[in-house]
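Novice: Residue 0 is where the sequence shown starts when you use numbering that gives the first Met the number 0, and the numbers rise one by one after that.
What the hints contain is simulated information worked out from the structure, not anything from laboratory work. Source: prediction; values computed, not measured. Cβ atoms here follow ideal geometry from the backbone N, Cα and C, with glycine treated the same way. Among the hints, a few may not be true.
What the hints assert, rightly or not - Quick list of simulated restraints, FRET-style, between CB atoms:
1. 261 to 217: 41 to 47 Å
2. 175 to 141: 29 to 35 Å
3. 258 to 82: 41 to 47 Å
4. 75 to 253: 42 to 48 Å
5. 54 to 25: 25 to 31 Å
6. 39 to 85: 20 to 26 Å
7. 113 to 33: 27 to 33 Å
8. 211 to 82: 37 to 43 Å
9. 103 to 261: 37 to 43 Å
10. 75 to 99: 48 to 54 Å
11. 211 to 108: 34 to 40 Å
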Amino acid sequence: MSEDLMRVRRLWHLLEPVHAVLYYAPEAFEEAAALGYAVDERWPSYFAWRAAPLGAVGADRVAETFYSFSPRMVGAYVPAVWAVASPGAVLAARGRAVDRAYRTLLGEGVAAPETAEAAALLRRVVAAADTADRPMAAANAALPWPDAPHLALWHAATVLREHRGDGHLAALADAELDPVESLVSFAAIGAAPAEVFASRGWADEEWQAALGRLEKRGLVAADGTATEAGRAPRAEVERRTDEAAAGPWRVLTDAERERLVALLGPLWVAAIGSGLLPPENTLGIGKV
0 MSEDLMRVRR LWHLLEPVHA VLYYAPEAFE EAAALGYAVD ERWPSYFAWR AAPLGAVGAD
60 RVAETFYSFS PRMVGAYVPA VWAVASPGAV LAARGRAVDR AYRTLLGEGV AAPETAEAAA
120 LLRRVVAAAD TADRPMAAAN AALPWPDAPH LALWHAATVL REHRGDGHLA ALADAELDPV
180 ESLVSFAAIG AAPAEVFASR GWADEEWQAA LGRLEKRGLV AADGTATEAG RAPRAEVERR
240 TDEAAAGPWR VLTDAERERL VALLGPLWVA AIGSGLLPPE NTLGIGKV
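Based on the sequences and whatever the hints tell you, model everything.
Specialist: Have a look at this one:
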């Protein structure tokens with residue numbers, strides 16, 4: 000991997016936890032409950048928070064853009080989430096949730112000059128991002144920029160992680176990996192144990208059928224581990240994902256990107272150190 004793409008992946012590793020606290024923070028569940036969502040599990044608020052920029056879309060659209068979730072699981076929550084609260088109300092509550100969660104995580108750091116500096120650098124990157132054919136990135140990029148630096152930082156992190164995610168789905172499609180096959184092949188290279196991917200709602204028989212299809216293609220062994228032939232296309236998917244995500248980062252100089260890494264470090268530490276995020280994740284953070 001080139002040094003340029005290594006930097007792009009490193010920045011993703013830093014930004015993903017900064018974004019993901021929304022889905023686990025107690026403050027977010029409190030805001031979700033105030034809207035009327037059940038909070039005994041995280042999925043009603045997760046689908047609402049993440050899909051709201053798309054509008055009151057149906058299950059098919061969410062399954063298509065989120066990709067790795069079983070359509071059956073998506074259908075259990077969407078479009079029902081919009082009967083609880085409108086996308087506009089969800090977005091307003093999402094902003095409050097991020098504000099409260101960040102104030103808990105960072106304390107006075109939300110108003111620190113370093114937070115504003117990081118937000119300003121990230122805003123330049125977002126402005127350079129091409130969101131054509133990237134529905135999740137485009138929907139988030141179309142939202143108004145928050146005024147507060149810590150909220151602008153989260154907004155930028157969200158646009159950029161969805162920009163990367165949209166590109167990742169294109170790479171998976173080019174590799175002819177359907178949603179469940181993409182998870183099976185990812186588990187096969189050790190990105191996370193297969194049990195972690197159960198959160199995406201696929202039945203065991205669906206997982207086993209996908210495993211069988213990949214075994215016939217010579218990509219995985221019978222025990223679910225990747226063959227040498229299977230590791231190559233998965234590595235190519237990750238390389239193409241990095242390549243597709245790299246464009247907007249080139250608006251920054253090497254020195255500015257290194258400065259951004261330094262600025263994001265304390266936020267990353269705060270997010271990881273909070274204990275809110277699961278140690279194993281379906282994105283392979285820290286593994287790929």
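Novice: Which earlier hints turn out false for this structure, listed by number in ascending order?
Specialist: When the structure is compared with the hints, numbers 9, 10 and 11 turn out to be violated.
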